[in-house]
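Trainee: Chains as they are written, first to last, in the UniProt record's numbering: chain A, 1 to 510; chain B, 1 to 510.
Treat the hints as calculated values from the structure; they're not laboratory data. All of these numbers come straight from a predicted model, not from anything done at the bench. Any given hint could turn out to be false.
Treat identical chains as interchangeable: a pair holds within one or across any two.
[Said to hold, decoys possible] Below, computed lysine-lysine pairings styled on BS3-like, alpha-carbon distance capped at 30 Å: (1) K207 / K412; (2) K125 / K62; (3) K27 / K3; (4) K39 / K27; (5) K504 / K27; (6) K3 / K504; (7) K125 / K3; (8) K412 / K338; (9) K39 / K504; (10) K125 / K27; (11) K412 / K62; (12) K27 / K207; (13) K207 / K39; (14) K207 / K125; (15) K504 / K207; (16) K39 / K412; (17) K39 / K338.
2 protein chains.
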Amino acid sequence: MVKPDTFQAINAFTGEPIIGSFPIQGKDDVDAACMHAHKIAREYRYTSSEQRAQLLDTIAEKLLLRTDEIAARAHLETALPLARLNGEMGRTANQLRLFASVLRQGHWHRAIVDTPDPQRQPLAKPDIRQQHIALGPVAVFGASNFPLAFSTAGGDTASALAAGCPVIVKGHSAHPGTSELVAQCIQQALSECELPQAVFTLLQGNKRELGTSLVSHPLVQAVGFTGSVSGGRALFDLAQQRPIPIPFYGELGAINPTFIFPNALNDYQSLAEQFVQSMTLGCGQFCTKPGVVFVVDDANSSAFIETAQHLISQHNGHVLLTPSIRDAYCQHTQLRAKDAGLLHSRNQNISEGVASTLFVTDSQAWRNNPQWEEEIFGPQSMIVLCRDIDDMQALSEQLAGSLTATIHADSKDYPQVTRLLARLEEMAGRIVFNGWPTGVEVSYAMIHGGPYPASTHAASTSVGASAIERWLRPVAYQSLPEALLPPALSSSNPLSVPTLVDGKTWMVKG
Amino acid sequence: MVKPDTFQAINAFTGEPIIGSFPIQGKDDVDAACMHAHKIAREYRYTSSEQRAQLLDTIAEKLLLRTDEIAARAHLETALPLARLNGEMGRTANQLRLFASVLRQGHWHRAIVDTPDPQRQPLAKPDIRQQHIALGPVAVFGASNFPLAFSTAGGDTASALAAGCPVIVKGHSAHPGTSELVAQCIQQALSECELPQAVFTLLQGNKRELGTSLVSHPLVQAVGFTGSVSGGRALFDLAQQRPIPIPFYGELGAINPTFIFPNALNDYQSLAEQFVQSMTLGCGQFCTKPGVVFVVDDANSSAFIETAQHLISQHNGHVLLTPSIRDAYCQHTQLRAKDAGLLHSRNQNISEGVASTLFVTDSQAWRNNPQWEEEIFGPQSMIVLCRDIDDMQALSEQLAGSLTATIHADSKDYPQVTRLLARLEEMAGRIVFNGWPTGVEVSYAMIHGGPYPASTHAASTSVGASAIERWLRPVAYQSLPEALLPPALSSSNPLSVPTLVDGKTWMVKG
Numbered sequence: 001m002v003k004p005d006t007f008q009a010i011n012a013f014t015g016e017p018i019i020g021s022f023p024i025q026g027k028d029d030v031d032a033a034c035m036h037a038h039k040i041a042r043e044y045r046y047t048s049s050e051q052r053a054q055l056l057d058t059i060a061e062k063l064l065l066r067t068d069e070i071a072a073r074a075h076l077e078t079a080l081p082l083a084r085l086n087g088e089m090g091r092t093a094n095q096l097r098l099f100a101s102v103l104r105q106g107h108w109h110r111a112i113v114d115t116p117d118p119q120r121q122p123l124a125k126p127d128i129r130q131q132h133i134a135l136g137p138v139a140v141f142g143a144s145n146f147p148l149a150f151s152t153a154g155g156d157t158a159s160a161l162a163a164g165c166p167v168i169v170k171g172h173s174a175h176p177g178t179s180e181l182v183a184q185c186i187q188q189a190l191s192e193c194e195l196p197q198a199v200f201t202l203l204q205g206n207k208r209e210l211g212t213s214l215v216s217h218p219l220v221q222a223v224g225f226t227g228s229v230s231g232g233r234a235l236f237d238l239a240q241q242r243p244i245p246i247p248f249y250g251e252l253g254a255i256n257p258t259f260i261f262p263n264a265l266n267d268y269q270s271l272a273e274q275f276v277q278s279m280t281l282g283c284g285q286f287c288t289k290p291g292v293v294f295v296v297d298d299a300n301s302s303a304f305i306e307t308a309q310h311l312i313s314q315h316n317g318h319v320l321l322t323p324s325i326r327d328a329y330c331q332h333t334q335l336r337a338k339d340a341g342l343l344h345s346r347n348q349n350i351s352e353g354v355a356s357t358l359f360v361t362d363s364q365a366w367r368n369n370p371q372w373e374e375e376i377f378g379p380q381s382m383i384v385l386c387r388d389i390d391d392m393q394a395l396s397e398q399l400a401g402s403l404t405a406t407i408h409a410d411s412k413d414y415p416q417v418t419r420l421l422a423r424l425e426e427m428a429g430r431i432v433f434n435g436w437p438t439g440v441e442v443s444y445a446m447i448h449g450g451p452y453p454a455s456t457h458a459a460s461t462s463v464g465a466s467a468i469e470r471w472l473r474p475v476a477y478q479s480l481p482e483a484l485l486p487p488a489l490s491s492s493n494p495l496s497v498p499t500l501v502d503g504k505t506w507m508v509k510g
Numbered sequence: 001m002v003k004p005d006t007f008q009a010i011n012a013f014t015g016e017p018i019i020g021s022f023p024i025q026g027k028d029d030v031d032a033a034c035m036h037a038h039k040i041a042r043e044y045r046y047t048s049s050e051q052r053a054q055l056l057d058t059i060a061e062k063l064l065l066r067t068d069e070i071a072a073r074a075h076l077e078t079a080l081p082l083a084r085l086n087g088e089m090g091r092t093a094n095q096l097r098l099f100a101s102v103l104r105q106g107h108w109h110r111a112i113v114d115t116p117d118p119q120r121q122p123l124a125k126p127d128i129r130q131q132h133i134a135l136g137p138v139a140v141f142g143a144s145n146f147p148l149a150f151s152t153a154g155g156d157t158a159s160a161l162a163a164g165c166p167v168i169v170k171g172h173s174a175h176p177g178t179s180e181l182v183a184q185c186i187q188q189a190l191s192e193c194e195l196p197q198a199v200f201t202l203l204q205g206n207k208r209e210l211g212t213s214l215v216s217h218p219l220v221q222a223v224g225f226t227g228s229v230s231g232g233r234a235l236f237d238l239a240q241q242r243p244i245p246i247p248f249y250g251e252l253g254a255i256n257p258t259f260i261f262p263n264a265l266n267d268y269q270s271l272a273e274q275f276v277q278s279m280t281l282g283c284g285q286f287c288t289k290p291g292v293v294f295v296v297d298d299a300n301s302s303a304f305i306e307t308a309q310h311l312i313s314q315h316n317g318h319v320l321l322t323p324s325i326r327d328a329y330c331q332h333t334q335l336r337a338k339d340a341g342l343l344h345s346r347n348q349n350i351s352e353g354v355a356s357t358l359f360v361t362d363s364q365a366w367r368n369n370p371q372w373e374e375e376i377f378g379p380q381s382m383i384v385l386c387r388d389i390d391d392m393q394a395l396s397e398q399l400a401g402s403l404t405a406t407i408h409a410d411s412k413d414y415p416q417v418t419r420l421l422a423r424l425e426e427m428a429g430r431i432v433f434n435g436w437p438t439g440v441e442v443s444y445a446m447i448h449g450g451p452y453p454a455s456t457h458a459a460s461t462s463v464g465a466s467a468i469e470r471w472l473r474p475v476a477y478q479s480l481p482e483a484l485l486p487p488a489l490s491s492s493n494p495l496s497v498p499t500l501v502d503g504k505t506w507m508v509k510g
């Protein structure tokens, strides 16, 4: 029998509960976690970059030591293959280590110094220095589709801990066991680094109240979220309606349009293989899945479609992350298959798991069916036949914001690609050329975000070194004596922080 | 007789209408302005940094040529002294030129390059490059208290034009004549620089509909606002409730707390003079006015208060910007004077204009009257007598967000100042040491913003070089061939853009 106020993890393969239970936490637990985090927030903000870098390295180490155990548990809870989960653990550790590097390099302070000029007329010019500081305790929502890399010790947790913010994670209810194992690694790392346990708290539960209490709590200073448009928008609204609104970094939904120029389609066989692989990667449960492909209607595009449909027909069924994701996938693909204007759809029934679904339509029908821009989570995509390149460009002008936009083209297409690029910059956070959007490199230049609904905060990224900025805000210090200046702004620059001096040079000394 | 659908400017000295009228614009005008701005937004975004720098320099030149005429008109409409308005014009020109420099230096692109590694295992590392691009058409609300520097060609307009965003200004209804003269200068500069007129539009009016239509318009991508908490919050809410929410950079209200340590008060005479000058600068109509001063109750602080009250008693009356600002000032100071817990208040009647008001209270009464944290716009401040430095620190822990926080201290106070600094960083955008918060340097390191209600977006500044960032968002480019890369990211770096390469070095070449 399951204890009251607890819930059980579900085996994603069988739909049956897994032995063991987890507390259903709520408002009181949120309150306690926030109070504890608030109490140590200033102490944690004042740790050195090196201390926090060591914490991140230690978490990575602890996680890698338990990869087999954690991946096995995540496999049961998500049905994602072990090889993928092992890879995701590597990626999670890399993320933590990237932010350790970011801390040691020091650009994150964004140090700026304006030197004084006491002789300036009519008024003396003061000494002004700027750095970025941590916001305070923040909330992070685990995502169902990346139980490691976008969850308990995922990108948002890593960047927030790097920034100097205590983190309260709301674990995703689809993989509570995974979350608990990962949280143990973080807690061990905090002990080993002699940092307060309240720097990190995992809250678990399967009730709405947990998330809404967290977003509404007056001591929470910002929120990182990855999930659906409806759930994410509701929490965004809550965050903005607080007496003191806070930044809500929500990654909500994206269809990641792909544009294939006619010359690129000469190689339709290889492109179709790549496309089908990308749209079905992780059973189509990637936020960067190519959800729509625009091609010009010609013989090559017909061959591309035929090849893609053939490849898909050979697939085994996909076991999706949770029963509710499976139900939503089946319902939405079946509903869409009944829409007028579809030329073909493929959605065979497979007894185990769900089938991949590929719709084909033309540009006129696409225009008539704005609901097709809504993301369907799972192994589904749509190919849109355009009359010509102008038609493709015209469709691009109407697209909503997306995480990515992809172009396949040959050098003969460049003049027209240039025009399309100018539009795609406006609607996507990342432009991919002659590649596919799935697979997000964890690096310095990466942007994983984009105009709404891809993100509720288009100027921010949840992947890559710049992600640390979402947890920081700038402070200027006017005429502070050396003895009182923060170390990152001290004239002797003991930390060798790259510094913009009088707007002209980036100086690293010390 | 005044034509229908027009309004007149008011002489701030007499309260009488000034000859001439201005259109009351509304929803249709917003629609037309947004359509025109949207139509040329891509073209303007693609102008070179040098073209936009020349535009900004040309606007500054045109404004300076008409300083006498514009200052004379602003003097009538605002009652601000001519000397101040001449100074403000210089500052406005400096802001425009600062952003011209920012454009030529190129840090604003925030260029980042990750070099590829085709040999990496298990997956090749792609070439990824990041730059920041303009958001598109933006709306800027003119402020009443800075008819030049925070208005039609003010900081937000300068930074948005620099970023590459077309700007639609809602002129403040308290100085429509000034707004129109300034707009003419911008329009002339656009002609001279051969840029589309739709890059800049001034909309005028005295009805709420104008502002709400602008913030709600689907083609507007961001809003800059300086004004009251009530008006600003209503527009912020509107911006967040749109189907596609947009950034709303609102500067709403601040009381700019000042903390004077006992050792600094040995020089109480000079501090009292500086304080009274700062709180009454521009008749107390500065957003950085020191609205509360915390001192430890001792003989020196009594002398400080006595001196300040004496200085204030010698002031002439202040003519405030508008009749409604005067009425609000009188009403709020009179109401507050009736609150229990005030030890002294000074608010003598002066036939012409309003009197300066200085309240004195103790820390217990301050705790009992949270409404005293609300900003009163005008020449008013409050001194709070604390039991000791711990009491002062405890009060600081409860303060709401503010644009600035100021400390006066002697080197003997530094250990306690360090503790206070750690708190003030959390609640203010700028810390001022042994100075006063009024007077905001326009430079690289300046931050004019801060936690709510100082700003609705604590990570952003409305003054200083970093202000350009509010109108930009990042885009990552994956595997783009050289021929298609934006000039700022090209490997040959023809623009000599400072670039972070593989997270390690800032490179300027070309």
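Trainee: Evaluate each hint against the coordinates.
Mentor: Now for the hints, and whether the structure bears them out:
1. K207 / K412: neither (55 Å within a copy, 54 Å between copies)
2. K125 / K62: Classified as between; 26 Å across copies, 51 Å inside a copy.
3. K27 / K3: within (19 Å within a copy, 59 Å between copies)
4. K39 / K27: within (18 Å within a copy, 49 Å between copies)
5. K504 / K27: neither (50 Å within a copy, 44 Å between copies)
6. K3 / K504: Intra 64 Å, inter 53 Å, cutoff 30 Å: neither.
7. K125 / K3: neither (67 Å within a copy, 49 Å between copies)
8. K412 / K338: Answer is neither; intra-copy 39 Å and inter-copy 79 Å both fail.
9. K39 / K504: neither (40 Å within a copy, 35 Å between copies)
10. K125 / K27: neither (50 Å within a copy, 44 Å between copies)
11. K412 / K62: Cα proximity of K412 and K62: none, with 51 Å in one copy and 46 Å across.
12. K27 / K207: within (11 Å within a copy, 44 Å between copies)
13. K207 / K39: within (27 Å within a copy, 47 Å between copies)
14. K207 / K125: Intra 56 Å, inter 41 Å, cutoff 30 Å: neither.
15. K504 / K207: Neither: 53 Å inside a copy, 45 Å across copies.
16. K39 / K412: between (61 Å within a copy, 28 Å between copies)
17. K39 / K338: neither (56 Å within a copy, 37 Å between copies)
Violated hints, in rising order: 1, 5, 6, 7, 8, 9, 10, 11, 14, 15, 17; the structure is consistent with all others.
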